[in-house]
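In order, the protein sequence lines correspond to chains A and B. Reminder that position 106 of the first sequence reads as 106 in the working numbering, one-by-one numbering, no gaps. Reminder that position 49 of the second sequence reads as 49 in the working numbering, one-by-one numbering, no gaps.
Since the hints were made in silico from the structure, they are not lab data. Honestly, I wouldn't trust all of these hints.
[What the hints assert, rightly or not] Derived DSSO-like pairs: lysine-lysine, alpha-carbon spacing no greater than 30 Å straight-line:
1) B/LYS47 x A/LYS94
2) B/LYS46 x A/LYS94
3) B/LYS84 x A/LYS94
4) B/LYS343 x B/LYS271
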Amino acid sequence: MFKRYTYLIISGICLLLASCDHIAEFERLIYEKPEPAQRIVLLEDFTGQRCTNCPKATEVIEQLQETYDEALVAVGIHGGPLAFAGNARVVGLKTDIGDEYYNHWNLEYQPVGLVNRRTPINYPEWAAAVKEELAKPAPLSLDGTATIEDNTITIHIKAYGTDGTAQGKLQVWLLEDGIKTLQLMPDGSANQEYIHNHVFRTAINGTWGEDFSIKEGETVERTMTQALESVWNREQLSVVAFVYNNQGVQQAAKIKVK
Amino acid sequence: MRFLVYLFACCCSLSTLAWERKGLTISGSIQSDMLVPQHDSGTGAKKTGDFLNNTYFDLMLQSKYIDAGTRFEFLEYPLPGFEKDFEGWGVPNLWLKGKLGKVELTAGSFYEQFGSGFILRTYEERSLGIDNSLFGGRVVVKPMKGVTLKALSGVQRRYWNWNESLISGADAEVGIEEFIPSLQKSGTNVMLGGSWVNKYEKSDEKIYVSPVYRLRIPKFVNAWDVRLNFSRGPWSVLGEYAQKSDDPSYANEYIYRKGSAAMISGSYSGKGLSVLLQAKRSENMSFKSTNDVSKAIGISSAINHLPAFTQDQTYALAALYPYATQLADGEWAYQAELGYNFKKKTPLGGRYGMNVKANLSYVRAIDRQFHEGDDLVAKTNGYTSKFFKWGDQTYYRSFDLTLTRKLSKAFKLSLMYVNQQYNQLVVEGHGGTVHTNIYIADGKYQFSPKVTLRGELQYLTTKQDQGDWAYGLLELSLAPHWMFTVSDMWNSGETNLHYYQGLVTYNVGQHRIQAGYGRTRAGYNCSGGVCRYVPASRGFTLSYNYNF
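Okay, chain B solo, but in the shape it has when bound:
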């Protein structure tokens, strides 16, 4: 309770603080998610404390030449499912940025991504408990139009500590069209990029492959990346290749083998039609900033990130079996997406038009032929792999079809069908292959400019895992302030459990408060192919967001 009063007092004082004067801007945000947990014998949810909450307070000062920022985090009694080291509170992020003409210098905490993130991506994803920011220095130089050069060095944040390894890197991107006038005239953009990242770690970790043989772990791990992006009018093509030097780790079972990632992505977007085609092959690309096994397990300490090439589902049942990128084992991943807008007043478009979207994702194991026998040295080579050959296992396959159509001036309907094949063993470490068919209807009726009612009906059928699921949701919006939501997710296939939830949301100005009560199921919460296991919970929830 004392915490709530303190939070409210902070907000009141901050609302008077947001100002802009003499070229200095102060801005920031507060996010606080709270849970009063209850024991639930049905779901196995545990009462892990009296009051749990994750609170973040960001503050940023901006001026013409200097920016500065900091973040206060209170995670001493965190929401369920985060790793134990996540607990704590303090000011983990602090930074100062100087902007001097073509040069930008940052000291302190910073986030960075080179290319698609194959060799470096530091980011914050609060729902997963990820903040792998670097603490050190970065310089960004734009010596001429179309050229961006970056260099950085720092240690990586792991919850309330920094890992001991030093991460350094450089990146260059050149817009070729700036140097070839004919390309510019034809509206063609060609971007050539290259990056390098180095990890230096003098590890004390002693890893034995047998009781009498210890591994010599490299102190340096290097990774590089090249990419070419071509775009003209509605067309765009990106090709990227990255490689990482020998990096024996817990994730790859201590093999001395180069890692690699290759991707090609093409898209078209114009005149109501959008097409995306992507293919990616990766192997042995788990790249962590620590050799300490206990710290490297889980989702922390990642230096890089490989996108999942699968649809990030937002509907509850479609998101029940989400895919997580297999960085260490590698994968062949393909994705095709097609979107088309049928125009108004056409036979298929009807009076208000219709949007059709289809997505096909397929993720397959790569070929890996492991060295057999008892030769310990041969075993450290790991395996051989033919580049284009698939492995035996399908990791994930999904086909989605979504139709969105306005049926009357007040009523809009979306219908979605999803067919999934999910390798639960590979993603979660247990179970087998789960095949699902999911049917979703989402309707929105606008009674008046201020009153809208939205409803969802979803059904998932499967013969595996926990069998069938049904889901229903009703959401009443009373603009501009109120929203009332009730939902229930019912496992009709095995447990007969209901995961009910009721939420009231109030928006005023830059403030958003949401209070509710409900049950959540145990499962995986994923974002961009990175997943966190969240145990079942039940209780009262309160969320507060404020931007100033």
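The following block holds chain A by itself, in its conformation from the complex:
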């Protein structure tokens, strides 16, 4: 009887030892080369001024932008329950369109992001998703200009078909950098001096963009205008253009407003 229990205990200890998986400090990090960019990747960051974890997500975006530079276009969309509409004293960055996007993608928490409009993922997963998307060749390239004249922004988008046919929607957004206003921080404090970058301001060609199609070797051009609003800082504006369909974002571009 005792023999049987001894065998049982020894087997148990062996099992326990076999299942140990201690990872030493020097083994925890695995280096991976930055991915050479085959396309420009769009990262939609669903954020909010009352979201205490959102500054952590912003840090991840800053790191990614440092590594991938212009190959990553980030947009901070203030929508959902933790976005702040503002009041008489504090500037709010929430937009109705931001709310519409938040609800459309069935998002449940913040911060959360869409990398090239794939599955919503949390910020620790963004780097992996960005790498994966960067490696995919794009069927088109995008470029353009954006200029201000008489309180009107004129946007000219030029697309070149580079591989097969791309069909979907062309979406053009207006972003603003360098907005100093309230942000709740991870420690719960309210930072009134927080600088919000790449903030989504409006959708220039409708909430879901306009129909778009391009063939390999073809050039498609579009021109559109947007009235300048007084709360926007004209020195800090930029335009983001991207083509998307059911397979996600096919190509994106960021154009500085001059």
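Mind docking chain B on chain A? Use the hints.
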């Protein structure tokens, strides 16, 4: 409507099914909660569908050697506030149990708890949408009196799927008094227990701490627990300690640090007096059965459970700011409870006696000194922590005093005072510290053996969050079948909104039907330190319960 007719037909047929013959027993239950939601611009409640309902149907067969059970769930259009993956319908739970002498074998879905649940607790809590049962096999052996051995292995349920990790474990409990006659003679019970749980997950999840550095996530996570329970007469003491190996996760911000939980709990219960004293320290004990961030966020996939060490409040305003255990960040939690029955016909007890109950809870952050600087490897160590040192933040503090006294043969009165300090930022992720004073009066008058009227008056004062609240309730019971309830919760401090509710309940045999109309506020619904956010709602409600 078709669903209601179907449900009624099911119940009629089942009422003929409950029987016991030749040693075989069939039993089960039906629970269905329904809501016809309406848009409410005042509270922001949305009409999220035409008809929402959560329905559960449990069926169990028992015999001398074999038990079997299953559960059908219809959650395709669930009540508001559950996670999106909660939606669905089907038969998620199915089990078969063989009982052969000292051995019990289970195959299929099962619930299990080792000790206080520090390293393993699978359970069902429908109000929170929790069913973290395991699907696999379990063996329970009682080789001799006072000894219970368990071993199990399985995958954990997450709504309509099973998480990919394999959870295995073993537990042993020995009643020492069975082997030492002198302990038995003196009426002393000493239980020694030990457990081990292992999670194996070959995760594809790629987590980067920077754009060029990816984390190596351990495939195995081990946790163990030891406990000693001593009881003699009215006295009882339980000491328990658990530890978990490195388990970098979204909850702990991907740190490689052991988790631990230590608890001591002492109680006395006798001669009208009861005393409970408890202390617990936990850190980095979030233990989930998935590394997938999107699945690990929220209350699903938990392998373990740490009790909250705070009073589970039942009165509406006292439950307005409930505490949720901080598994990942850790906490020092203390609780003291005193209950005393003043005897009848004594100066304080009066003609019918009086019960006094006081509870003091205090939950504090643990000391955590985070590694500073840009060294990515150092950051993965997380922090250092001195065991007995507190952190800066108070998470929760409450003091309750309840007096219950029968003032006449027909009238019973309970008076309660609650003082709370609630760290809304830590529990809900927004706001600051909320200080409340809550005054509650609960009176019950029995007009006749069949007619009882109960009323509640509650008032909450606070300068924070949404300010003051008032609450009133009247409940008329016409035994044995009917109960009529009307209530209103009024936010007088900020929104001036009324959350009214009217309910009619009818009980007959094993059936209970409740119909109502009302508004519910957005807030947290908690049970045992686990909380679910419930959005505001308004509409017609119908609940049906049946046990057979």
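Just pull the numbers of the violated hints for me, sorted ascending. As far as the earlier hints go, not one is violated by this structure.
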